[in-house]
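Protein chains: 2
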Amino acid sequence: MRVGVIGCGAVGSLFAAHLAQLDDVEVWAYDLHTEHVQAINEHGLKLSGVGDLVGRLRATTDAAKLPSCDFGIVAVKSMHTGTAMAATAHAFEDGAVCSVQNGIGNEELVAEHVGRVMRGTTFPAGHVIAPGHVGWDTAGDTWIGPFEPSPARMDEVEELAEALTRSGMNTAALEDARGAQWTKAIFNAATNPVGALTGLAHGEICDFEPTRRLISGLTDECKAVAAALGIALDHDPEEMVDHAARVAHDHKASMTQDVLAHRQTEIDFLNGAIVRHGEESGVPTPLNRAIWALVKALEDSWT
Amino acid sequence: MRVGVIGCGAVGSLFAAHLAQLDDVEVWAYDLHTEHVQAINEHGLKLSGVGDLVGRLRATTDAAKLPSCDFGIVAVKSMHTGTAMAATAHAFEDGAVCSVQNGIGNEELVAEHVGRVMRGTTFPAGHVIAPGHVGWDTAGDTWIGPFEPSPARMDEVEELAEALTRSGMNTAALEDARGAQWTKAIFNAATNPVGALTGLAHGEICDFEPTRRLISGLTDECKAVAAALGIALDHDPEEMVDHAARVAHDHKASMTQDVLAHRQTEIDFLNGAIVRHGEESGVPTPLNRAIWALVKALEDSWT
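Line order of the protein sequences matches chains W and H.
Just so you know, our numbering puts 671 at position 210 of the first sequence, and the rest follows in order with no gaps.
Just so you know, our numbering puts 758 at position 297 of the second sequence, and the rest follows in order with no gaps.
Careful, some of the hints might be misleading.
Computed from the model, here is a short list of chain W residues facing chain H with C-beta under 10 Å [what the hints assert, rightly or not]:
1. Phe-669
2. Arg-673
3. Pro-747
4. Leu-759
5. Trp-763
Pulled from the structure, derived: some chain W residues nowhere near chain H, Cβ distances all over 12 Å [said to hold, decoys possible]:
6. Glu-503
7. Ser-509
8. His-696
9. Gly-743
Since the hints were derived computationally from the structure, they do not count as laboratory data.
Since the model is a prediction, treat every value here as computed from it, not as a measurement.
For every residue, glycine included, the Cβ atom is placed at its ideal position computed from N, Cα and C.
Kindly produce the complete structure, drawing on both the sequences and the hints.
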């Protein structure tokens, strides 16, 4: 089996380095950071933290060099999905591609370029320490399933899940992966921008009653949109909020880090997607729209 | 007539320097900035900008030195109203005190310390250039009237309005000044925190459709609260929003400047007051509550 990992940042690296442990899987990675790609090709891709391992794989900044793959795993930031897939689609003409990105709407963009697509949601997280070296900060499971309008075959979903699980990334193959995806997306939409707009860590926005109440208001709108779409959530996102406040109290969401660094955020794939789906299904989402507007304006203020 | 100006920052200085032009008015000012007070006592209080003038008055940082006054004009930042009035109330045992502060809820705090109170709303604005020297940036009118639960007499309202108008600060004496006050407070509540959370100028948050729409959402909630309280607004605050976008496009609201400088804002007297009055009158204010929560959390992040 040959797997192409599209976007070999923190999350992409967790998948690439794990899969590269398997003798029967050949791993390629496409990434635009030249030093990172060079380091991976020279010394392998190193993970440290939750576990320590080195994956041997082939990395390239040149999409044309990607060979034909059986599977793709997309892990670029959401706003780069379209560009990355346009560049690499040739490698997946006979393959199936799975998004493991944050938020809602990435599979739609992947499906504009390839025929068989999977939804994915992943909990493991990390951060780039140095070129070729990624910190593995959080363990956790992954859920994948066919993307309904352009589905990968279920046997493909199961084959990829089996390989990932065997490599050390526990992955469930689901007929309907929307519940897992929306549960995490709602968690992110309800908490990340509140942290980003205030500069506070996750636990701090949960400890402060007015922002905790705002999180619940955002969550309620998101749950109403999910219900209107017929999506059964895996868990109540409120439980994830409280759980994260206990186990990751001082963690600043990646969106908060994006705002502090004046980088574009994934807000369009979180609250923006909730607003869009709300409009389509007749569910009002005034709080999500307000939060989306504030973060978009904040991004505008840097440019 | 003796007038005590409580808080001689930008707005207080406009009132103090103008009133000091009148031969029949003796002006005192209470302010905690020692250098400003010293400069006023040595060289007078200088205004420049819209008009140039110097007012001769007596300033003090020592509340005990304030003599008995016929009128008080309160111009401290809203969050300092209680402290300032507790310190100076002795000077107004036989006088009437008028708030010319931003927002909603200051008169209630003044009335905890003095018997006869006026509501006031003022449009002139300025900024402190140096000790004893204030820039007069914006001309405009002032509206004053009795504060209903602890009212000043109407003849007192008219007497103060007449003196202010004669001094060059055009002021209307109204039986019901709530409409003027709420119109401006709604304008501030709907726009200032949007600028403060995004770092954008007033015209920028009006040019960007998502934030302009948020401003309308906030305004609609505020108007519903005013209607529930039986307050007839002077104008539609939306018109003020669009007017300000034309004439003061690049102006950053004082709340934006507060946030950039990590100073406490007046949010409790704007969106916080709207939420409080909404709760009391059964009008939902989810957007104002969200905005209030975000600014409060942002303030928390500095401390």
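Results for each hint:
no., hint, result
1, Phe-669, "holds (6 Å)"
2, Arg-673, "holds (9 Å)"
3, Pro-747, "holds (6 Å)"
4, Leu-759, "holds (5 Å)"
5, Trp-763, "holds (9 Å)"
6, Glu-503, "holds (42 Å)"
7, Ser-509, "holds (31 Å)"
8, His-696, "holds (24 Å)"
9, Gly-743, "holds (18 Å)"
This entry satisfies every hint, going by the numbered hints stated previously.
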